[in-house]
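*Asks:* Sequence:
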Amino acid sequence: MSEVKAPGGRSLSKSIVVGLFLAAIFLASLLIYKEFFILFLLVSTAIGAWELSTALRIKGWYVPRVPAVVGSAIIMPATYYGGPVVQWLVSLGIVAALIVWRTVHLIWERRKANFQTFLRTIRDFGAAAFLVIYLPLSLSFSMLLLRRPEDGAYWVLTFVATVALIDSAGYLFGRVFGKHKLAPGVSPKKTWEGLLASIILGSATAVSLTVFLLKGPWWVGVILAASIILAAVFGDLAESLIKRDLGVKDMSKLLPGHGGMMDRLDSMLPASLLSYLVMVVFFG
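Residue numbers (this note's numbering): 960 to 1243.
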């Protein structure tokens, strides 16, 4: 019997198995022992940083991979144990460290410098800052959610579950019923029908979890739903645009049926930040 393939040639059965495996690790680590979840997110962020820095190198933007991976991993526990001030200080410190590392590398490799070298160096500095802001800094807001003593794990569960169902609904309904392209120039497979399904299921999930898990009013759930849906959709499109610009289909082949770790984190990045902002404004 032939294996079912998702659009783009991916194995649908492998995608489901890997997705369930990741979901099991996520839930077990989050709800049983927070430090396990921090480790899980640390490893995921480190892998994502390796994938993204490698993809940037393919495009000709040099970001030191080892410092990027180590620095991205450090931000997670630093944010959880140190709070917002440490989060920003560590993020800025990592950007500075990447710039210094790149500068030393240039001095070591090149004895002569011209204007083109200078422009490439500035571009590399920008790529280093982009990597830190886009991946570890954005995702570290989930650590600020987790810091809440009573319901931190529930906040993380709420935004991750909402994003996961938004992605799943958009993919499955778009695959079966999709007729009208959402953004063909950026991501040809996304459809308006899939977006509508994402909005309906994402809203129902966010409102339900806000009321029953976070013990908040339904209208805050609506605000949270709108924020996460907006973040997830545009985060996914931004990742597609980045991959299109870099000339890659997936960030790696680490996860069968899914692509790379970055292909799973893309929607989570802005959703983490907006969920934190909703929490601060309405829950203090």
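Wrong hints could be hidden among the right ones.
Stated by the list, open to error - With a straight-line Cα cutoff of 30 Å, these simulated BS3-like cross-link-like pairs (lysine-lysine) come out:
#1 Lys1138 to Lys1018
#2 Lys973 to Lys1174
#3 Lys973 to Lys1148
#4 Lys1018 to Lys1140
#5 Lys993 to Lys1174
What the hints assert, rightly or not - Here are the simulated distance ranges between beta carbons:
#6 Leu1051 to Ser972: 41 to 51 Å
#7 Val1063 to Lys1018: 19 to 29 Å
#8 Gly1206 to Leu1048: 33 to 43 Å
#9 Ile991 to Thr1062: 42 to 52 Å
The set of hints was computed from the structure by calculation and includes no laboratory data.
Don't be surprised by glycine CBs; every beta carbon is placed ideally from N, CA and C.
*Asks:* Taking the hints in turn, state whether each one holds.
*Replies:* Here is how each hint holds up against the structure:
1. Lys1138 to Lys1018: Violated, at about 33 Å.
2. Lys973 to Lys1174: Violated - the C-alpha atoms of lysine 1174 and lysine 973 are around 36 Å apart, more than 30 Å.
3. Lys973 to Lys1148: With a Cα-Cα distance of about 19 Å, the restraint between lysine 973 and lysine 1148 holds, given a limit of 30 Å.
4. Lys1018 to Lys1140: Given pair lysine 1018, lysine 1140 holds - Cα atoms ~28 Å apart, limit 30 Å.
5. Lys993 to Lys1174: Within the cut-off at roughly 21 Å; holds.
6. Leu1051 to Ser972: 41 to 51 Å: holds, 44 Å
7. Val1063 to Lys1018: 19 to 29 Å: holds, 22 Å
8. Gly1206 to Leu1048: 33 to 43 Å: holds, 35 Å
9. Ile991 to Thr1062: 42 to 52 Å: At roughly 44 Å between Cβ atoms, threonine 1062 and isoleucine 991 fall inside 42 to 52 Å, so the hint holds.
Comparing the model with each earlier hint shows violations of hints 1, 2; every other hint is respected.
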